[in-house]
Amino acid sequence: MNRSAFEGFSHSTLARAGGRPAGDRAASSAASAEPYYGIPYLKRPTWKWQIAAYFFFGGISGASFALASLADHFSASPDAAALRRAGFETSLAALLPCPGLLIWDLGRPARFPYMLRVWKPGSPMNLGSWILTGFGAVSALGAAHAAGQAGVLGPLAPLARRLPMHAIGAAGLPLALGMTGYTGVLLAGTSVPAWSQSPWMGGVFVASSFAAASDVLRLHLTVRDQAAPPGMRALDRISHAAKAAETGLLVAHCARSGRAGRALWTGRRGWQLAAGLGLSWAAAALAPAPKSLAARDAGVRSRLKRRTLQAGLLGLAGAFLTRWAIVHAGQQAADDTAAARAAAQPSKSAPGWRQQPPR
Amino acid sequence: MPAAFFTAAAQPAPQEPTGFFTDATLCIGCKACEVACKQWNQLPADGYEWRGTSYDNTHALSAATWRHVAFAERPCDGGGRSAPAALAPPPAESAIGTELGAPIRWLMVSDVCKHCRQAPCEEACPTGALIYNEFGNVYVQQDICNGCGYCVSACPFGVLDRAESDGRVHKCTLCYDRQKDGLEPACAKACPTDSIQFGPLSQLRARARQRLEQVRARGEDQAYLYGAEPAGEYSSLGAFFLLTDAPEAYNLPAAPRRPRAHLPRNYAWTALTAVAMAAVAGWAFAASFGREAAAPRRPAEAENEVA
Ligand code: SF4
Ligand code: SF4
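Chains A and B are the protein sequences, given in the same order.
According to our numbering, the first sequence is numbered sequentially starting from 149.
According to our numbering, the second sequence is numbered sequentially starting from -5.
It is worth saying that the hints were derived from the structure and are not from the lab.
Here a beta-carbon is modelled for each residue, glycine too, at the ideal position from N, C-alpha and C.
The reader is advised that the hints may include incorrect statements.
What the hints assert, rightly or not - Covered stretches of chain B, as calculated for chain A (at least 3 residues, CB under 8 Å):
#	region
1	3 to 17
2	120 to 133
3	143 to 153
4	172 to 183
5	200 to 206
6	225 to 239
7	258 to 269
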């Protein structure tokens, strides 16, 4: 609070009678442009790092699944099969920490299952809980199939291999896409000034999830030594398109939000968001050209591999930082009384109750 | 209404909706409502903190403070009416007290959960813990709330608050227990000036309109009702106010938005982006793999296929 220097002092008239140092007085008359002593009327969001981490893992999980199922659908080549396997495995691996993070964040963790007590798609958090549940099942099947193909599941492998992956992938695609985007709609469905002022927050999360998933799949394929040019070229294109969409939608969101969105581009969160986007673009720039991966020379290949790994890690760090900044900007925005006022300005759709002061 | 999987008990029959009419022109800032609320609902104290800027030592509603008396100091003309500027800042601190000629007036109002008739908190709640009870009041079922915090961010008035102690959210219940026994809420009962009035909403609104005419006729010509009617996408409030200065002067939002009203557009844009991303990915796969489909397999892949 801007009054912290004065906290604990007891009586306002005494203070005004001169008990306050001149500097402090100047500071507080600046703050007195606030209609109500600078006290925020919005409550800070309760969500902390667990939610930022969930948005990171959940988004990657959904988008990896979507990429796997699309690769499967559009090509039967062995490279596509390798990509599909990597995608399903990544999807499940990224999904595993999700329920734990969500439960950790609750005030009453034991009541997590109450999320599914009702069907209420008008609440993005409720819809998201259903999406997460359905997607968990599909993602597990996809990973089982991938494991069966790799022969990991022992006696169950033949069974797992026989899973109708085309059908499962197609059925899971809407759920996977839901996983990438409902989180942004959830944030936008609040009264927090920095989140709620445009319809594009969901799109930011969709695009950002695809960007992160394409980066992590490149990383995955490279670690596995399966980074063949066609798959890498596809991922490269997807990553560029997704990053362009993410940056574009975020800029549009900020532009539409005006003063209400200020927490996204100033202060600590502003720096973090800029750094997140910057890292993500740096990863795109650093990733070696897909064509070059076909190089024969072992030295060149290992150098390119190292660069691909570095780019993947940068991309992941960027995606994490972006979510971290957006989630925490909500707290900064709830404390920012001018942002709250900007978000509650009378408009045609919400004119407020004091329409025209008479006289 | 969301369909519940488990319906425990028969629902009580709906009654005529009730609410509060809080008349700021009658409030004397005695805080009897705050005390009565704490006492009846057995709410703990949440500190006694002077900011050195006003007589407001509760500052805001919280999990343990369900009535909050705001004390605003506003510039006014010599006759004690609000300065005509829509939202002039209060006078600089240095001017107050040193210049007796700079007139200010004291505005007080007892703030409370607005019991919105279409409440963003209820619309957000993923568990169905938040409901409209049989009196049409917005109520948190404490045996359901899992402390997800969505309502905390959804409420445009910053009413709901999660308690550190038990992990759940708490707010004004409009004395559900007292109403069930035919009693009025503790704050309305305790208010010595009838600034807080309780009753069926239809009666309260009629009374509020009468009162508004009266105070305007007496010269308080900037008075208005905050929340007696719907305002665009925002519903009317089950707890509405008669105010004489800008809403911000009382730390209320001028024109709250209803997040639910924007949801279809948010879902639509998100779905559009998702479909576009999927299309881009599909195109990228078709284009990239298509071109190399005839390329010979590398040994590592052939091996994997067999395994
Ligand atoms: S004021 Fe806030 S907590 Fe009260 S009913 Fe309205 S949205 Fe819910
Ligand atoms: S914190 Fe409780 S009342 Fe609020 S939205 Fe979550 S479950 Fe519902």
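Quick rundown of the hints versus the structure:
By the rule of at least three residues with a Cβ nearer than 8 Å to a Cβ of chain A, the coverage given for the region 3 to 17 of chain B is violated, with 0 such residues. Restraint check on the region 120 to 133 of chain B versus chain A: 4 residues with Cβ-Cβ distances below 8 Å, three needed, restraint holds. Counting residues of the region 143 to 153 of chain B whose beta-carbon sits less than 8 Å from any beta-carbon of chain A gives 10, enough to reach three: the coverage restraint holds. Under a criterion of three residues with beta carbons nearer than 8 Å to beta carbons of chain A, the stated coverage of the region 172 to 183 of chain B fails, only 0 such residues being counted.
Coverage of the region 200 to 206 of chain B by chain A is violated [criterion: at least 3 residues with CB-CB distance below 8 Å; count 0]. Counting residues of the region 225 to 239 of chain B whose beta-carbon sits less than 8 Å from any beta-carbon of chain A gives 5, enough to reach three: the coverage restraint holds. With 11 residues bearing a CB less than 8 Å from a CB of chain A, the region 258 to 269 of chain B meets the requirement of three and the coverage assertion stands.
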